[in-house]
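Q: Sequence:
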Amino acid sequence: MTSTATSTVSGILELPPKKNAGHLRDPKRGFRPGATDCIVPEKLVQRYRLREGLTVEGPVESGRKGGAPQLRDIVAVNGQDPAAFSELQPFEDGVVVDPSEALTFETASDVHLTRVIDLITPIGKGQRGLIVAPPRSGKTIMLEQMALAIQQNHPECVLIVMLVDERPEEVTHFRMATRALVLASSNDQDTDQHVRVSRMGVAMAKRLVEYGKDVVILLDSLTRLGRAFNKTVNSGRVMSGGVDINALQEPKRMFGAARNIEGGGSLTILATCLIDTGSRMDELIFQEFKGTGNMEIILDRDMADRRVYPAIDVPRSGTRKEELLFPADQLKQRFALRRVLTDMKPIPAMEGLLKLMAKHPTNGELLAFLSSGRGSL
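Position in the sequence shown (first residue = 1) + 1272 = this note's numbering.
Read the hints as simulated data drawn from the structure, not as lab findings.
Possibly wrong hints are sitting among the right ones.
As the list claims (entries may be wrong) - Restricting the straight-line Cα-Cα distance to at most 20 angstroms, the calculated cross-link-like pairs of lysine-lysine (PhoX-like) are:
no., residue 1, residue 2
1, Lys1290, Lys1315
2, Lys1315, Lys1300
3, Lys1604, Lys1562
4, Lys1627, Lys1617
5, Lys1593, Lys1627
6, Lys1291, Lys1315
7, Lys1503, Lys1524
Unchecked claim - If you anchor each label on the Cβ, the simulated ranges turn out as follows:
no., residue 1, residue 2, range
8, Asp1460, Ala1356, 20 to 28 angstroms
9, Gly1535, Gln1424, 21 to 29 angstroms
10, Arg1321, Arg1447, 28 to 36 angstroms
11, Ser1643, Pro1620, 42 to 50 angstroms
12, Asp1382, Lys1503, 38 to 46 angstroms
13, Val1612, Gln1559, 53 to 61 angstroms
14, Ile1413, Gly1636, 18 to 26 angstroms
15, Lys1315, Val1383, 25 to 33 angstroms
16, Asp1464, Arg1408, 44 to 52 angstroms
17, Thr1549, Ile1413, 29 to 37 angstroms
18, Ala1600, Gln1318, 32 to 40 angstroms
19, Asp1382, Leu1603, 24 to 32 angstroms
20, Ala1340, Glu1595, 51 to 59 angstroms
21, Glu1359, Ala1449, 35 to 43 angstroms
Think of the CB as a built atom: it goes at the ideal place given N, C-alpha and C, for glycine as much as any other residue.
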């Protein structure tokens, strides 16, 4: 929550369940409650039909007897006339269609990771992507490079990096390395904070999509998100690995929120999921999310151990309905490349692709070379 000298405040609206009034939270603080957070009275919530995740701005009056300040009125919602929000189509009512506009991740010729993503697992606006990662396989640098590519190639997108139960130094690194809005709960904070960051972050993204924005969330990780919700749910029915039978319902709804809305905005969610950690709980969480996305990047630990980066298992990675993202001539080139790579084992396939990239500074030149019949892996 921010304030000005004229006693006007702005923040992200949080509406706790079973309560009619809300509070304005500061996303830079991970939406953590503070004693000076402004109360949004029930009458204002109802008058403007406000929903959680909106950016609300208005004049404030001091609370009685040193209590929290209260909003007197609302002058802007998401930077626009507050009355306009009630006319917008709710996020859940939009017609969901397959991604049809590609996000370009290729930047410099020597940034092979983002070039490989464009060639092997192309991503469109509205994609629901799962990055399956064993320990020390390069997922953190992958998310960082993806964030840098989006902010360079797609300034029209609202970029959010959501870090749940993350190491504090990683949170600082992402804030310094990117211009993204970093919503984070570090591993020295409690479970309630992990849950709050994820709920508020997704709600904020939904409200932006309702205004026609294209939003991209990079989430690390679904595994830690599942662990956090598992601690807050107690149905009395526990599956193998100690996971409550209802624990993953809300995390799956959050991941499932990624969509491309016909004639409107889009919400892209690219989320990591941990495997091979030695935890039965982590394995069960992965199995619950497996197959729920429409794009998967599978990272390979053996490849990473041999220092072959990006450590992407090409045969097992891919995008559903990628034919909607490219014109027919380019699609033919991409299919030809994939057929060759899929017939190879993961490490030779990636090594061969990296050699081609070293010879051809852009993906366009690489594909043209292969389609000419003059080149191969």
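Q: Evaluate each hint against the coordinates.
A: Structure-based check of all given hints:
1. Lys1290 to Lys1315: Holds, at about 15 angstroms.
2. Lys1315 to Lys1300: Judged against 20 angstroms, a Cα distance of about 27 angstroms means the pair is violated.
3. Lys1604 to Lys1562: Not OK: Lys1604 and Lys1562 at ~28 angstroms, beyond 20 angstroms, violated.
4. Lys1627 to Lys1617: Holds. Lys1627 to Lys1617 sits at ~16 angstroms (cutoff 20 angstroms).
5. Lys1593 to Lys1627: Not OK: Lys1593 and Lys1627 at ~28 angstroms, beyond 20 angstroms, violated.
6. Lys1291 to Lys1315: holds, 12 angstroms
7. Lys1503 to Lys1524: Since the Cα atoms of Lys1503 and Lys1524 sit roughly 16 angstroms apart, the hinted pair holds (cutoff 20 angstroms).
8. Asp1460 to Ala1356: 20 to 28 angstroms: Taking Cβ atoms as reference, Asp1460 and Ala1356 lie about 41 angstroms apart, which means the hint is violated.
9. Gly1535 to Gln1424: 21 to 29 angstroms: holds, 27 angstroms
10. Arg1321 to Arg1447: 28 to 36 angstroms: holds, 34 angstroms
11. Ser1643 to Pro1620: 42 to 50 angstroms: Taking Cβ atoms as reference, Ser1643 and Pro1620 lie about 22 angstroms apart, which means the hint is violated.
12. Asp1382 to Lys1503: 38 to 46 angstroms: holds, 43 angstroms
13. Val1612 to Gln1559: 53 to 61 angstroms: Cβ of Val1612 to Cβ of Gln1559: about 31 angstroms, so the range 53 to 61 angstroms is violated.
14. Ile1413 to Gly1636: 18 to 26 angstroms: With a Cβ separation near 25 angstroms, Ile1413 and Gly1636 satisfy 18 to 26 angstroms, so the hint holds.
15. Lys1315 to Val1383: 25 to 33 angstroms: Violated: the Cβ-Cβ distance is about 52 angstroms, outside 25 to 33 angstroms.
16. Asp1464 to Arg1408: 44 to 52 angstroms: Once the Cβ atoms are compared, 30 angstroms apart, the range 44 to 52 angstroms for Arg1408 and Asp1464 is violated.
17. Thr1549 to Ile1413: 29 to 37 angstroms: Once the Cβ atoms are compared, 19 angstroms apart, the range 29 to 37 angstroms for Ile1413 and Thr1549 is violated.
18. Ala1600 to Gln1318: 32 to 40 angstroms: Because 52 angstroms falls outside the window, the suggested range is violated.
19. Asp1382 to Leu1603: 24 to 32 angstroms: With Cβ atoms ~26 angstroms apart, the hint holds.
20. Ala1340 to Glu1595: 51 to 59 angstroms: Since Ala1340 and Glu1595 have Cβ atoms about 54 angstroms apart, the given range 51 to 59 angstroms holds.
21. Glu1359 to Ala1449: 35 to 43 angstroms: Since Glu1359 and Ala1449 have Cβ atoms about 39 angstroms apart, the given range 35 to 43 angstroms holds.
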